[in-house]
Structures are given as structure tokens and as C-alpha cells.
Amino acid sequence: MLIQNQSHILISLASDIIEPHPIRNDWEVFQRPVVTSDKWPQYNYTFEGEPKPNLYDTYKTHWLNGIDMWKKYGQHALAQNDTTVLVNDVDFFFSPLIDLYHDSPPNTVVFERLWRSSRYSGYSLPAHTPHPVPDTFVTSYSNFMKIVSLWKWIDSHSNTPELLSEDNAWLLILRTTWKYNLIYTSTKWKEGPEV
Amino acid sequence: MSLGMQNESIIDIKNVAICMYGQYRTGDACLEYIKKFYQATNVNIDFFCSVKEYETSYTRLEYNKKTLGITDHFDARPLDNTTIEYQSNQIQTHYQPKKFEVYKTKNESVLLDMKHSILHSKVLMAWTESIMLKQQYEAENNITYDLVIMQRYDVIVWPSFAFEKVLYGIQGLRVGDGGGTIPTSDKNIMFFEHINAFRPEQIGSFMYPNGQDLWVWGLGNSLDVWVYEALQHIPSGLSSNYTKKQYNYAYPHYDTHEMLACICNKMNIPTSRFPLVSEKGAILPLQQRNTAGFKRPNPIVIRDSYWEDGVIPDLAALSNDEIEQLYNTRILELWLKGI
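Taken in sequence, the protein lines are chains A and B.
Just so it is clear: in the first sequence, position 171 is 170 by numbering that gives the first Met the number 0, and no numbers are missing.
Just so it is clear: in the second sequence, position 312 is 311 by numbering that gives the first Met the number 0, and no numbers are missing.
Just so you know, the hints here were simulated from the structure itself, not pulled from any lab data.
Hints are supplied without guarantee of correctness; some may be wrong.
[What the hints assert, rightly or not] Below, computed lysine to any residue pairings styled on SDA-like, alpha-carbon distance capped at 20 Å:
| # | chain 1 | residue 1 | chain 2 | residue 2 |
| --- | --- | --- | --- | --- |
| 1 | A | Lys187 | A | Arg112 |
| 2 | B | Lys98 | A | Lys178 |
| 3 | A | Lys70 | B | Lys265 |
| 4 | A | Lys70 | B | Asn140 |
| 5 | B | Lys265 | A | Trp177 |
| 6 | B | Lys98 | A | Tyr72 |
| 7 | A | Lys178 | B | Pro269 |
My request is simple: use the sequences and hints to build the entire structure.
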């Protein structure tokens, strides 16, 4: 197996909360408040009873952070899998995710949590389709931008919104990883939210 | 229930980004044609321009040997500051790009010993730079472009109405409907031509993935995603497991044509050939219509050696028939000879 040799780590945070005592202060942070679009309410979601920001807005915020990373570092610093991006809303203890990522093939996205599918997602339980919880993940810059740019894919349907009317955040992140041929795994597995 | 109606998605193009990239070369001779070519009503058209600070001519082996005395066709000839300044001024004056830059190539020069792989990777770097200029502008202005087109400074597309007719041909297209449209459920499509259904120099390559990279359209986010994946094939400026040797061996694509199609395949980006065009309009690939008088859009690299006196005429003043005749009687033959 190809073991990655990471040499550059950047953090993308989507929040206006500035941690007074950051967990890791030797990795550069790109942060901005979550944009509020009031668009695509089907991508609002909750996890373990906690309401999350709309996934469209959250990922657009991370995409803007990603453009800032590009402006600062350019393509050769962000090429291949040499720059790892850590993604969350606020500062977070990423080390277990990074360790797993470093032991994984280059095309991997390590989400902080997966949950097994249920009736909620429209997939049958026997498939055991693991659903990524989209808030927190670690991957290369290349894969980070593929994932967070899905807000643009959503916007491409702005003149045919009925096409996405039955969609939700869980299916969207699952489809996106499949579409872009991304491997995903996690350090934590849980049962899905109750319907 | 109608399967088509439920899955239909309508193409609606309001903002078009022309992403220009690569070396300027015969850009002076092409710019009036290109400017005229990209005129269309009812859409906003913006240019984004990245230009390289050197010249090469990989596909002109005979020309390199006879005219320049160069036998190593990987050899890049740096431009002097006056030339770079002149080219930059021409680009900014004529195309008035929303963003412009001279692409710094220091990362290329340390990897020149990679030979074959670096050649194709250089094209990727130029595409990436240009499309990321567009994305920076989108981020700064909170807009998105519905259509992105890759265009070289030294290439014209024939016939002169191809852009307008293809654009109007796909405008309002119902993607996902069964008949007469493009059968895909994802409207974020890319358009390009094939080099060939098979590579004539390689036996058994029928259906081998390849695309003509001289003129490429990407709807929605398709070219953005394409570029994010292309980053995997660009030399890293950081130390990594991808040493020069490993990278050279690991480069997965035969050439830029295969690269274009393979990245689309890996990212599951739907692709299509361009519609046929005439003054009357466009015919989409699966439409059943009389194709008499319709042409397939064809990008043409413009070189001064195609004219006996070495002087390129005013291309914008040439008729489509004149350009077609020139291509058939002279350009194609000289291209194949590496001149």
C-alpha cells in the first residue's frame, strides 16, 4: 500500500467562533463565518438531536476557504496529496483522523463519523451503506475541493429546483463520494438517527 | 408516469467564462478572430487569461530542427522581459480579462528531467491556473459561471459561427429527457471532439478514451471538478513519496488527449461531442435530422509556416470556405509533417 508522506497541513473552519485556546496552533487556519444563503432548505439537517448549519452554506464556506488556500499557496503546494486539509466547524482534535488518513490510500476521505443506513435514508438496512456525517473530515486538498464544491452542483439546478426537492444532506454527501470515486472511512461508527 | 419529465433538467446559460491558457505564440494573428468568434447576445462573456513566460513547439519537430536548430523538442525558450510585457499588454488590451497573470514556471524547470510526463503535466498546469483564476473571481464576486470554455491564444475554431450556434443549440436543452437531447441525468456536461475513435498509431485501441483538448466546454461545475482531479497529476512543490522517478513512471496518461477523457471518466463527468453547426443552427449528437450543410466544429492551430511568405493574413477577414480550403490543402499536411 502506498503510504502518504504528508508535509503540509491546513485547517478549514466554518464558524465565527474563535477558540481562545486552539488545540493545535502550528497548522494554519483558514476560517470564516458560515455564509447564509436561505437557499435549499432540504439540506438542513440534524445529528444526534443537534441542528447543523445548512450543508449548502457550510460547504460553500469551506470552498471559499479553499480558494483562499489557493491564493496563498498556488498549485504546486496543493498538488497531488501533499497538502492535507482538516475540516470542521470549530477547532477540533484531528489527530486520530490524520493518523488513519496517513495509513490510507491517497484517494481516501476520513470522516470523523459514519452511521449505518436506515429507512431514513431510503436505503435498506441489509445494504449497510455507511453514511458519512459531513461536518468533520480529513483529506487531500484535491479531494477537499471536489467535496465542498458540491454547492455549485446544487446551484446548477437553480432553474429546476424540483429535481432536488426530495434530496437531503445525507444522500448528497454519499452520492458525491461515489460520483468522484472517493474512498471513505472513519474512526467511529454509529447507528443512524431515529426516524 | 413519464420518466423523462421527472428527471428533466434544463440547461440555462447566462454567464460564460473563456479561460485562455498556455503560450501566446501567434496570438496577435488570432485575437481579432477570437474576439469576433465569442460575440453572442443574451449572455455575459468574461475572459480569464494566464500566459506562460516561455515558448516551445513540441509538435513541430521538423520546424524546430530546420528553423531553430533545436533537436530536443522538450527544450523551453524563455521569453525576454520586453516580449512578456508586450504579450501581457496585448492580452489585457484586447481580451480585457477579469483576471490575468503571467504563470511562473519555476516549478516546471526543476522537473524537466521527467521528459515525457512533464510535457503533459505542463498542459494541466496551464489549464489549472486559468480555471482557478476564474474560481478566484467567482469567490470574490459571489457569482458562478454556467459555461466555461478552454481556449488557446494561437488557436481559432472553425467555422466562425460555431460558438454562437452551439451555445444557442444547447440553451434550453432538456437534459435527462429520452429523445433528441443528451441522455444523462447530470447537466454538468463537458463537450469536446474525439481525436479519433481509435488511435491509428496503436492497433487495438478502438474506444480508447481520448479527446481533442484544443477546444473544450464545461457546463456548471464540471471543469472545476476536472481541475481538482488534475491536481493529482501536477508536480508537487513539496517533498513527498512522488519523487521524480516515481512520478515519471506513475504518470497514468499517454498524452493530453487521453488525459482529458480519462479524468472525465474517473470523475463521472458526462461528455458529448459538439453539435454539428451551420448558419441555420445546430444539430445535437442524438437528434435525427438532415445533416446536409452542417459542419463539425474544428479547432485549428495557427502557425506562420502555413503561409509561403510566413505572414499570417487577417484571419477575421477570411471566409469560412477560405479557411476550410486552407486547412484541407495545406495546414493538415504541414501539421502532420511537423512543420
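Okay, which hints does this one fail, numbers in order? 2 and 3
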